[in-house]
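Last residue of the sequence shown: 73 in my numbering, with the numbers rising by one and none dropped.
There may be inaccurate statements among the hints.
To be verified - Using 16 Å as the maximum straight-line C-alpha spacing, the simulated EDC-like pairs for lysine to aspartate or glutamate come out as follows:
no., residue 1, residue 2
1, Lys-70, Glu-30
2, Lys-70, Asp-6
3, Lys-70, Glu-13
4, Lys-70, Glu-41
5, Lys-3, Glu-40
No lab work stands behind these hints, which were simulated from the structure alone.
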Amino acid sequence: MAKIEDVVKRQKEGARFVITAPMLGVSEQEFDVLANIWIEEGGVGFQVAGVPHRTCIDGEFFINRVTVVKLAL
Numbered sequence: 001m002a003k004i005e006d007v008v009k010r011q012k013e014g015a016r017f018v019i020t021a022p023m024l025g026v027s028e029q030e031f032d033v034l035a036n037i038w039i040e041e042g043g044v045g046f047q048v049a050g051v052p053h054r055t056c057i058d059g060e061f062f063i064n065r066v067t068v069v070k071l072a073l
């Protein structure tokens, strides 16, 4: 399981990249909670850019992928 900080630090400032549930080793339901926090408050060193991708599980939609931009630290 990758830590979000490890994923972000590999990117250059201003880079657009994708963060997914499988990349972090979490379920879509767990990722949805994290992604909603990132959308509302911003992430650690990045901000969400664009519309998150959702997947349907048992009739409910969960965020399973977000495109983000690395910010200057």
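Status of each hint after checking the structure:
Proximity of Lys-70 to Glu-30 is assessed by CA-CA distance (about 22 Å); at most 16 Å being required, the pair is judged violated. Pair hint Lys-70 plus Asp-6 holds up; C-alpha atoms about 12 Å apart against a cutoff of 16 Å. Distance restraint check for Lys-70 and Glu-13: the Cα-Cα separation of roughly 5 Å lies within the 16 Å cut-off, and the hinted pair is therefore satisfied. The straight-line distance between the Cα atoms of Lys-70 and Glu-41 is roughly 15 Å, inside the 16 Å bound, and the hint therefore holds.
Proposed proximity of Lys-3 and Glu-40 is contradicted: the alpha carbons are some 20 Å apart, above 16 Å.
Checked against the numbered hints given earlier, the structure breaks hints 1 and 5 and satisfies all the rest.
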